[in-house]
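Going down the list, the sequences are from chains A and B. Heads up, the first sequence is in the working numbering, so the first residue is 23 and it goes up one at a time. Heads up, the second sequence is in the working numbering, so the first residue is 160 and it goes up one at a time.
Here are the simulated SDA-like cross-link-like pairs (lysine to any residue), alpha carbons at most 20 Å apart as the crow flies:
| # | chain 1 | residue 1 | chain 2 | residue 2 |
| --- | --- | --- | --- | --- |
| 1 | B | Lys325 | A | Gln45 |
| 2 | A | Lys25 | A | Thr294 |
| 3 | B | Lys351 | A | Ala77 |
| 4 | B | Lys326 | A | Gln45 |
Which chain A residues face chain B? A few, computed with CB under 10 Å, are given here:
| # | residue |
| --- | --- |
| 5 | Gly42 |
| 6 | Tyr48 |
| 7 | Val57 |
| 8 | Phe74 |
| 9 | His152 |
| 10 | Val171 |
| 11 | Gly249 |
| 12 | Arg251 |
| 13 | Ala337 |
Calculated directly from the structure, the hints in this document are not laboratory data. Here a beta-carbon is modelled for each residue, glycine too, at the ideal position from N, C-alpha and C.
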Amino acid sequence: MAKTLFDKIWDRHVVKTIEGDQQILYIDRHFIHEVTSPQAFAGLRERGLPVFRPAQTIATADHNVPTINQHLPIEEPLSRKQVDALTQNCAEFGVNLYGLGHKYQGIVHVIGPELGITQPGMTIVCGDSHTSTHGAFGGIAFGIGTSQVEQVMATQCVLQRKPQKMRISVDGELAPGVVAKDIILYIIAQLGVGGGTGYFVEYAGSAIRDLSMEGRMTICNMSIEMGARGGLIAPDETTFDYVKGREFAPKGADWDKQLAYWQSLPTDAEATFDKEYNFRAEDIQPMVTYGTNPGMGMGVAAQIPKQAKAGESEATFKKSLAYMDVQPGQSLLGQRIDYVFIGSCTNSRMEDLRMAAALIEGQKVASHVKAMIVPGSQQIALQAQAEGLDKVFIAAGFEFRQAGCSACLGMNEDKVPAGMYCVSTSNRNFEGRQGPGARTILASPLTAAAAAIAGEIVDVSKQVGVLA
Amino acid sequence: MQAFTTIKSTAIPLPIEDVDTDQIIPARFLKATTREGFGDNLFCDWRFDREGQPKKDFVLNNPTYRGEILVAGKNFGCGSSREHAAWAIGDYGLRVVVSSFFADIFRGNALNNGILPVVVSPDFLDQIFQAIEQDPGATFTVSLENQSFQIDASGTSTTFDIDPYKKNCLLKGYDDIDFLLSQKEEIEAYEKV
Ligand code: SF4
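Take the sequences, apply the hints, and build the full model.
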């Protein structure tokens, strides 16, 4: 029977099907971090259980680490306690930790791929909804709650019903200044924040295939923002080239064997999906969000809708615009901004830093704007330094920080003050996400960098001369 | 996990859509290393102003509305996978959340913590909101055994779906980990292939 990419991986990982279509799904790689693991370790301790497969478990500290002076003890007592707890738990249970100060430390969804731990055909989970990022390699990767973190630690399995399958194809060529982040913000704006609930999404089409691995990760990363449990992209030469030679990638004969498996994974031509959408790359502009969920996005030159979208209530729409202090029908072009954050597991990789640096080189951040670049990992920070990008950012007036989640969720000191507008390359513009009262406008690294220079929202596609 | 049987209670209305888990429990409260105490910060930024004073217009601060049932607009629990959202809801004393649509991860997290997510039709959801509007003291009866949700005053009721395995767990107070541990041999056999 013809199978999709998703079916092939899922079916191979089912240990057993039990009542009500619940399945015991075997997990190849389990990533953990300091925020969603302490209660799971405590659970193991209470039950007197070990971590069943510690070699398949990888830990890092990312969510509440400071992004300056990482060589010093963490000042904030609660954050320090949580990071210390992770260190102790990993030591006690024999889990490999890339903690603060380690050369491999970084945002959990950035380090897995860059170390070659994330590979095609795998099942990957983490107590974090953006685990979907790893699906870019052609694997099944999804976020779980802490109870499930404990289950995976104890048994290397989760109980799960098989989700339905959706395919979203984007064909054609992107306009200059339009990048992966714009594609996914566009898709979410079309489908809405609940549009993918119950589904696993395969992204396909020529515009997706043309993306680098970094761009594909940006796309898969935000699958959860339309409610989908995860997203994945068929592995191809771009994928294999990226994985090959990385620290934990298969080597020698093992590589050949794995490669043969990976090449068998793409969706069969006759396979069917429960739902399909098709979009044209030419229709996509640089995107910005105007409201308080990632589905409230629009082309940067468009106007904020006059009313709620079909299926959304007027009350929720109005509440959202009031929080952002914007008006129905308004354009965001020229909207004065206060902060720019380039970072997060969505857009903190080399490609993102390079595109931002190319755009700002030789220019200055507007005097009223506080702008910050937070690389996704220590390795990226080093690479950026090797390429001299840090100097470009600093000369322009950006702060160049150390690796972590940072202002994506404001668990550390990197917060946006109440009432301020922040153009952010992260993935969530929820009320208070970047700090109580903060107003987030989600955008690509290009749009964010251009906004930092201009001090307001601008249409980066009009600056293609600069880009070329 | 606390077993779930039948609950008869008044309900708290929250007619807002797409309530994300960052609202249910903001990130700055996720620094605990235990599961307790999250109820105090449930909906913190909607409940309290920046000086920590209760905001009068938020429903949890209105003494008229009490109960073990929260009734919310569609797509409740979207966003972050933080199970702290379910812990906060449970710790606050809620046992049932009713909506026309739940985000996947939240729904799973709720079930793993003895909180019942009840999905009703958009029409029925409106009826519940109306019943509360007419009489904040209106009670509702939720039977997990019969998979039914009843508006007591009118006797109108609806049924809801729940995975049979999950239903069993909830009725008995079992969690998945007990079950998975009982399957160790098969998991090890799978690993060998
Ligand atoms: S960068 Fe943001 S979205 Fe990504 S893992 Fe960290 S907190 Fe979550």
